[in-house]
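Top to bottom, those sequences are chains A and B.
Counting in the working numbering, the first sequence runs from 24 upward without gaps.
Counting in the working numbering, the second sequence runs from 27 upward without gaps.
Mixed in with the good hints, there may be bad ones.
[Claimed, not checked] Counterexamples of contact, computed for chain A against chain B with all Cβ distances above 12 Å:
| # | residue |
| --- | --- |
| 1 | 43 |
| 2 | 45 |
| 3 | 251 |
[What the hints assert, rightly or not] Using C-beta positions, here's what the derived DEER-type ranges look like:
| # | chain 1 | residue 1 | chain 2 | residue 2 | range |
| --- | --- | --- | --- | --- | --- |
| 4 | B | 374 | A | 121 | 15 to 25 Å |
| 5 | A | 306 | B | 55 | 53 to 63 Å |
| 6 | B | 308 | A | 322 | 29 to 39 Å |
| 7 | A | 377 | B | 87 | 50 to 60 Å |
| 8 | B | 53 | A | 68 | 51 to 61 Å |
| 9 | B | 123 | A | 377 | 28 to 38 Å |
| 10 | B | 317 | A | 121 | 14 to 24 Å |
| 11 | A | 405 | B | 457 | 45 to 55 Å |
In short, the hints are calculated from the structure, not lab data.
Quick caveat, the model's predicted, so the values are computed rather than measured.
Beta carbons are placed, not taken as given, at the ideal position from N, Cα and C, and that holds for glycine.
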Amino acid sequence: MPPEAGGLTRRLSELVGGEHLLGGPAAAGFAVDGSTPLLVVRPGTQQEVEAVVAACAVVGAAIGPRGGGTAVGLGNPPARLDVVVCLDRLTRIVEFDPANLVVSAEAGVRLADLQRVLAAEREFLPLDPPRMDRRTVGGVIASNASGPSRLLYGTARDLVLGLRVVLPSGERVRCGGKVIKNVSGYDMNKVFIGSLGTLGIITEATFKLLPAPAGRATVAGVFADLPRAAAVVTRALESFLLPEGMELLDPQALAAVAPGLGLEGSGGYGLAVAVAGSQETVERQARDFTQLLSEGTAIRTNRLGPEASLAAWRGIRDLPDRLLGSEGVAVKIGVPISRTAPFLASAEDLARRHGWRVAIAAHAGSGVVRAVYAAGAAAPEVVRDGVEALRREAEAAEGSLVVEAAPAALKRHLDAWGKTGEGFAVMRRLKAEFDPRGLMNPGRFLGGI
Amino acid sequence: MPHTLTAELQQIVGKTNVLDAAVNLQLYSYDAYLEERRPDAVVFVHSTDEVARIVRACNRHGVPFVPRGGGTNLSGGTIPVKGGVVIEMIRMNRILEVDLPNLRARVQPGLFNLELGNALAPLGYQYLPDPASQKAATLGGNVAENSGGPHCFKYGVTTNHVLGLTVVLPDGEVARIGGKAPDTPGYDLTGAFVGSEGTLGICTEVVVRIVRLAEGVKTLLAIYDRIEAGSETVSAIVSAGMVPATLEMMDQLVIQAVEESIHCGLPLDCATVLIIEVDGLRDDLERQAREIADLCRAHGAREVRVAKDDAERAALWAGRRGAFGAVARITPSYLVCDGTVPRTALPAVLKKVAEVGRKYDLRIPNVFHAGDGNLHPLILFDWRNKEQKARVMQAGMEILQTCVAAGGTISGEHGVGIEKMDAMRLVFGEPEIEVQRKLKRAFDPKDLANPGKMFPAPQEVRHAA
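This is chain A alone, in the form it adopts within the complex:
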């Protein structure tokens, strides 16, 4: 650009008010992978987002959208970053319709705040990504973040009924609606979910909700080795049981959450199972899972009631993010369900071979393994080669490995997403259709999109 050339600073200041526009050193805190934006703008309404994006389009400024900043490490370093558009002032819950189990909220609403409002009507949004205290509605959709309970409830693609999106031109459009079945035209919601701000800025979302479960419990156990813990998962998946989440934990991850699970002081692998529903089914599932764990030769088991469960699962889902220091590397492996435990082992092997520290938590039953590495003083090339070897293994198993966070120096060597796959030509055309000038989060997404 530079922005002054087009009078962008003045224009944005007029649009949102000077107090909601940051530049210079104040913008440094909004750096993305080492790129500091020239300006940070905090629009207060969806209309202001439209105007801000339109103003950026006029001068060709590259935009990086931002919600709670919890997923700012996701993606490749930006090819360009001129203006960070912060959605944190869009905090309106637009419409909560408890009778129809539907809520519409603006992009900047934090998930924890939203859940509190829903809980007052004994409903909830069944999405539990890490850091709900900071993660926003827009962010969770743009990054397609999820948590352990995706096992029972699915992910954003199963729960988003409608979106409002500001396109790169500044025009705001609606996709979907607020009904639970909708085939009026293409399912455009899917195009935006997980698109990491590369097609536009989500300013509002409508979700399908569920009634809050009457009961809840957690059954957790410690196992001498991973195969024993994994065998319990297999048996559970073959049964009629319907757990909300099943988390496999390596010894470091277990140690970090053991106090919450009431399993302090025991080394080994952990398996925590969340059950939720009516009192009768919670009781039955807790009983059956306790038995499954015992039959699976758990060294110790423990059962938690509803309150302790909520706290324990907050600890479990936030685990990788909590352990990730500024030099840590977080990866998410997605593989077919039955390969979850083997890939937990592979992720562990990588650390063992190099003498790195690692903590691993896997959404067993969903095929998701999240590992956080502390590689110490290892050279970036060594870390890259190690992660890429693990990625090749995942890709050979029809899966993927995504780098969710890494130091900027490493990211210059290590692609965040891996291979582009067979539909990539369509993806590139899709990007060109929506954002022909490449102004929305350029360079951060798959294959340089």
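Given the structure of chain A, go ahead and fit chain B onto it with the hints provided.
Structure of chain B alone, referenced to chain A:
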């Protein structure tokens, strides 16, 4: 269509698999909607490779193509409105893999939905989406239409259960998108493709989620003398924090038609019945069934029956699944409307549907997915009566307008096709339609995949006076 293309098609699949005689083309000129247009050729395909070669040939000649499965769709999705080649998928009907440890199955698109269910049930597993037409509707068609069915309230629609596809893109390239693993990096092309009505390409393999059969199920029939009481019960059940697998309604005209053809023991003198099913772990099903029965009675049900065994349950479902067919016996033709509204709007919208029937002097029985707020008013008429058909179209449009005004939309599960192209403007402005065109162009820049569907005609440019 150029003769050289016909020769190419014959070369790819063999002469016997290309139909171009007038009588055959006539058979492929219609589906379960009300329009007709003959294709120039029909091609039976047996593999991804054949589909890719045919699409490449069509692309080279600039000839449109339309994939077709069971042809059960109700919005004209398989009618080749621009001519060209109909690609008949019905012989690609194999289950390629049932992968129990990964809870996935890989199937070809010509497989009937019910056949997949029948193959999985003995193993103790199921594929959840079960459109009422499941006997004759194919999985590929389900993908194209993002089909629903009576169990969507709890279990979602096709898109929630399709995790990967092999697609032949409109340029003939083959792409595997999504798959058995979760969260494939990049845009969710699988999600975009499901429900695209054949306009983005042809799927030749489908990876679906399978789950264990429920441990227990309870099916109830609630009988009402007032239709409003039925729809009020639906809201009451949901407000009570219950998530039944099924909340289906049929009104008196439908019940009478069903009883005439299937004899499943429904009372002929009631205003409406609700079929309610709860499933899952068996521990709380008795209590749920009891509480639901109490709610039904509290909201005016004159009788609540609980299916005692599988045979009674099957009879109730035979009635519901056979409803469209049964209605077909009492009228030469009918138009199925497919609006969806927020559940609480149902009583008011149903009243309005009845008013529309009176206004246009048409009989409109209702059978629908009440839990989803998905109405299916069936407007009865005689296709030979042109004047009546015009009234039917107007009445259908007015019902859709009512749904949209109530916060709903123009199609819950039957798609836009050719039927609802103009109705798209009831829910979307030009920018929103243009966004959808972007998706279309990204997949199909030459507009050869099922052209002339889904999108309304461009708005006329208004010149300043």
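Hint by hint, here is what the structure shows:
no.: 1; hint: 43; result: holds (27 Å)
no.: 2; hint: 45; result: holds (31 Å)
no.: 3; hint: 251; result: holds (17 Å)
no.: 4; hint: 374(B) <-> 121(A): 15 to 25 Å; result: holds (18 Å)
no.: 5; hint: 306(A) <-> 55(B): 53 to 63 Å; result: holds (59 Å)
no.: 6; hint: 308(B) <-> 322(A): 29 to 39 Å; result: holds (32 Å)
no.: 7; hint: 377(A) <-> 87(B): 50 to 60 Å; result: holds (57 Å)
no.: 8; hint: 53(B) <-> 68(A): 51 to 61 Å; result: holds (57 Å)
no.: 9; hint: 123(B) <-> 377(A): 28 to 38 Å; result: holds (37 Å)
no.: 10; hint: 317(B) <-> 121(A): 14 to 24 Å; result: holds (19 Å)
no.: 11; hint: 405(A) <-> 457(B): 45 to 55 Å; result: holds (50 Å)
Taken one by one, the earlier hints all hold for this structure without exception.
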